[in-house]
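Single-letter residue listing:
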Amino acid sequence: MTVTNNAPSGPSPDVAGAGTDVEVAVDLITVVVDGVEMRVPKGTLAIRAAEQLGIEVPRFCDHPLLDPVAACRACLIEVEGMPKPQPACAQVLSDGMEVRTQYSSEVARVAQEGVMEFLLLNHPLDCPVCDKGGECPLQNQAMSVGRPESRFTGAKREFEKPINVSAQVLLDRERCVSCARCTRFAEQIAGDPMIELLERGAKQQVGTAADEPFDSYFSGNTVQICPVGALTSASYRFRSRPFDLVSVPTACEHCASGCSLRTDYRRGVVTRRLAWDDPDVNEEWNCDKGRFAFAYLNQGRIESPMIREHGSLRVASWPEAIDAAARGLATARGSVGVLVGGRSTVEDAYAYSRFARTALATDHIDFRARQGSAEEAAFLSSKVAGAPVSAAYDDLESAPAVLLVSLEPEDESPIVFLRLRKAARAGTQVLSVGATATRSLGKMSGRLVSARPGDEANALRSLDDETRALLGQPGAVILVGERIAGSVGAASAVLELARETGAALAWVPRRSGERGALDAGALAGLLPGGRPLTDEQARRDVAAAWGVEAADLPSEPGLIGADLLEAARDGRLSALVVGGVELADFADPGLAVAAVENADFVVSLENHHSAVTELADVVLPVAVVTEKSGTFVNWEGRPRPFGQVFRDALTMSDARVLAMVAEAMGSSLPADVASIRKEMGALGPWTGARTPAPDTAPGASADGVVIASWRQLLDSGLMQEGEPHLAATARPTVAIVSASMAAALGETVTISGPAGSVTLPVVTGDVLDRVVWVPTNSPGCHIHADLGAVPGTPVQLSAGGAA
Amino acid sequence: MPLTPVITEHWDDPELFTISGYRRHGGYRALESALTRDPDALISLVKDSGLRGRGGAGFPTGLKWSFVPQNDGKPHYLVVNADESEPGACKDIPIMLANPHALVEGVIITSYAIRAKHAFIYIRGEVPEAIRRVANAVREAREAGYLGTDIRGTGFDLDVVVHAGAGAYICGEETALLDSLEGFRGQPRLKPPFPAVAGLYASPTVINNVETICNIPYIVDRGVDWFRQFGTEKSPGFKVFAVSGHVNRPGIYEAPLGITMRELLDYAGGMRDGHQVKFWLPGGSSVPMLTADHLDIPMTYEDMAAAGTMLGTGTPMIFDETVSVVKAVTRWLEFYKHESCGKCTPCREGTYWITGTLEKFEHGHGTEQEVETLVELCGQIMGRSFCALGDAAATPYPAALKYFRDEFVAATTTSADDQFDPVASYVFAGAVAR
Ligand SMILES: Cc1cc2nc3c(=O)[nH]c(=O)nc-3n(C[C@H](O)[C@H](O)[C@H](O)COP(=O)(O)O)c2cc1C
Ligand code: SF4
Ligand code: SF4
Ligand code: SF4
Ligand code: FES
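If you read the sequences in order, they're chains A and B.
In terms of the working numbering, the first sequence opens at residue 928 and continues consecutively.
In terms of the working numbering, the second sequence opens at residue 1410 and continues consecutively.
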């Protein structure tokens, strides 16, 4: 199949008599394509109109999401009244225009055949060893419109092969048809114009500047849209033939952008992942993490259940391990904490939520394996959990202004970044509350609203009138990132600002599972669908759905965040159930380790060996995304259901494992995705009074130099393991400071925090004075563990040191 | 038909390139008058004159100016195309060397007419002498108060930038020129939008050839009737013909449009002794060739078109019977292959293929099948490429084949050099002992 030719996404035609509801008034014009009269929106391109009739005009440079270049000339068609054939990909139709494609025009057919012959003359035709062979638009279109035999007998152009345009993306220049899709993508969509066409004539080739590789977070998209095998990824190159692959539509498990993906596998191993076409969400793009970071699926897996005996783990059978877990937890019933990972599916998170409240009779549950605050929990419970979509990708695109609070979309939600960039190119004003105006903000033509880390609430409460007016326009949107939890009063200030301006407010967590976990009630005080635990009616609803007595459900909100961990550490909680959590991700990893160490009994549901499994009493292996079906809920609140890639996988989902434990404890849980979805659907969202909104007074930034930080898209994240080519495209680990600070510091800086220090190269950037930006979790700088710091923590800087 | 030196009238004055030399012959008189007129009246004047672009396509100049939207709140630009790189074309560079102030005066009047405050002169980079002369003329004009702010108290501001190209034929194509001027790689832009609406920096822009602009001061100074007394209804005025090739006195001859090649040949001293015209091209390598049978056709846009060719740049190249057509066509195709910008498939790949094949013919290794294939390949480029460079590349072979098929057929067995002694075609042929 051809992966680069997409379903038509241009304006859709008015199908006569089909009775379609047209909500927006569009100017329709009448055109004739191959003798068929049709009505299309004004501005439609001939190639799109032909698609509506099911006619595929050959094309290489055309891409519905890129500006037309009309360079390849493969799509020439006849236009009534024009002496020369015209490129269908750039021919804007006007009322009454008659065009003829290869189906009814000999002129078009001959022109297309001629171009195809030219395209092949310098093409190596090494299809048998080319990765694109079998899914190649050049192959396919050469078959459909080309001549059976070439008349060219001369010597073909040759290039040294391949060259790296980045560590991950390779280029075999002799295969390139100069369609400029990759370069236009880099410039127009990603805003990373580090690849360009160089030289001229037949020597024209794609290339990079010598000292600037194509280290774009979105580089993999060029591989996907290259209509030939010129661009390949180091991770997939020579791995497989497309026709040997089985393709399954999936959803990305990495972040809350919620990309639709296609996963291809062969013989039980994922060979590659592609962005799938979802016009409402990721359009046809995704980020390199979602595309390339899947080697972890097969690495470091836990093979079988394990039980701790005489201090060390030993392999156990499933019945034995389930029994051990059930007995241990039954003993601790009522005094158990549940930690749910941020990349759980909504079905699994729901299982944890119900398991905690029923089998464990506890409300001590939190899905935020990161810095989290009570204020944030109140913000999420009052405003976000189970709430209908308040802003979607479309709304970003049409918003007059978008305010980002504690959110760096390119690193923390890449498709939000792409959509904001698209919006900004069409005039949306992007504003970002933070301490640094990044290159990424520049790509969105954004403006920084300065706030020292910790001072966000004050900054939000003292926005100037102009900014307030921008946000007061209909359609304005405020996007809040997960880091808002680290800034006292910021969530309260954002709620206030949204109320005051009328701007839509959406929460953009980083991880794919957080929104779903929130909706599922995997947070103390919150039952599924945004129901406040303290509300009697809410408890009754839920109890009925769960088949338990309302009186048996906990009615007092449990512990969350650091309180929960401290309780476990101090022996106030006797057991923990931990599912898919990395202890190093907590703001205080030492506390998290102590909590797991000190709890009497720890059950770990994990797919990989981890710090938790090291310490757990019972380890229950669970499925990774390819081995189960499920749903992620993206930041919009949009479900992203996905199917099971490996249908014969023997591993079980968290929900199924929890159901077995519950059963052994004399409780019950729905075990399969279908019944969980049914149960959640029946419960539906809460319509009663919600948890009260937080009203926390603004905090203040600490004195001295403070840390500003977030996680870079490509960093030390465990799910990126096993893909060195991807890792090599990550941004270097550096400390970014203002010019004056950089001048004082010199080439390297040693940053010392409460727990230690790191030494990093100094880079000058648009950063507030007395702020140092460092990545949260990148090689050479893990601020939680290395510095004992979070954003806003005061640190000492000293010039020099060996980076 | 007599010669009509206008732009070239005072080229015998060695000081014409200076502002005082230029003024001595009435220079900047037209500007003084233009600044007192309504800009729209100037556009109408040029429209009425019927002046057609001298850059090759012959587009009516006044009409082009009138496409610029007025009162649109955007800056307007004038860009002078001085990239002259067409094989055989050598008129703009001599004009800039000898009479640079005519260009500068034309630029000021044109900018005033189209309400441009910035004008650019994009000069082929390989000719530093021309760049120096024009830059000097701009400096002198600024010193004389013809450029700058509030020019001659009219409130009109204008600045002129002289820009050196970097040696690419494609940068003479007007939209590629704009990209190059903006600092990008010179490749033609997709139209629409046309430059008159969104040209340089996405603002309304007029692009005119050097010679076109040099006509303006004279038309303003002497009027439409004077201008229209030369040439024909459809091709009014005079033209700087640059005659090259096997003639005794190659050079610049300014004459009314409608003069014939035979007359121009006379002015150029005729063919070199003992030789006859074999083929000739009216205006650069991009127009189809003609033969000795076509010497009496008037050199106008319309008559040349009727004869199956184009006036082009109006710079005739004349070849005598010592020249191998196969070789000449191969050289031209090598040029187009080298200069193809690579953007579109037909030109990029077609010139690669055709040139390779012609090189085989040149060495006597063509095949009869390829004689026909080449026609088809040219057909696969003509009218299908992104810009006119591709069309130009597809022009020489079919035209040559029309008149000299025998030579291509012979080249399936006999090399061009064996068909035609190359030394015989050298200008200094007589001096070379074989
Ligand atoms: C490949 C190519 C090269 C060209 N080179 C020149 C040039 O060097 N000078 C020029 O005036 N026009 C050149 N042209 C024509 C210009 O595109 C444009 O038509 C001209 O500058 C318009 O000016 P005019 O209306 O005054 O003739 C070239 C066109 C093509 C396609
Ligand atoms: S590398 Fe591929 S996408 Fe890029 S220009 Fe070449 S053919 Fe097009
Ligand atoms: S943007 Fe997020 S959801 Fe999309 S591919 Fe990347 S990590 Fe996955
Ligand atoms: S015809 Fe195409 S390849 Fe040739 S110069 Fe024009 S745009 Fe470039
Ligand atoms: S698809 Fe239309 S020119 Fe390339």
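Don't read these hints as lab results, they were simulated from the structure.
Incorrect hints may appear among the rest.
Computed, partial: chain A to chain B, Cβ under 10 Å [as the list claims (entries may be wrong)]: (1) Lys969; (2) Ala998; (3) Ala1001; (4) Val1019; (5) Phe1045; (6) Val1104; (7) Lys1130; (8) Gln1131.
The structure presented is a predicted model; accordingly, all values stated were derived computationally and were not measured.
Every residue gets a Cβ at the ideal spot worked out from N, C-alpha and C, and that includes glycine.
Evaluated hints:
1. For A:Lys969, the shortest C-beta to C-beta distance to chain B is roughly 15 Å, which exceeds 10 Å, and the interface hint is violated.
2. The restraint placing A:Ala998 at the interface with chain B holds, with a minimum CB-CB distance near 5 Å, inside the 10 Å limit.
3. With its C-beta approaching chain B no nearer than about 7 Å, A:Ala1001 sits inside the 10 Å limit, and its interface hint holds.
4. Contact between A:Val1019 and chain B, as hinted, is supported at the beta carbon level, the nearest pair being about 8 Å apart and thus within 10 Å.
5. Hint status for A:Phe1045: holds, given a least beta-carbon distance of 4 Å to chain B, under 10 Å.
6. A cut of 10 Å between beta carbons decides the hint on A:Val1104: the least distance to chain B is about 7 Å, and the hint holds.
7. With its C-beta approaching chain B no nearer than about 7 Å, A:Lys1130 sits inside the 10 Å limit, and its interface hint holds.
8. For A:Gln1131, the shortest C-beta to C-beta distance to chain B is roughly 3 Å, which falls under 10 Å, so the interface hint holds.
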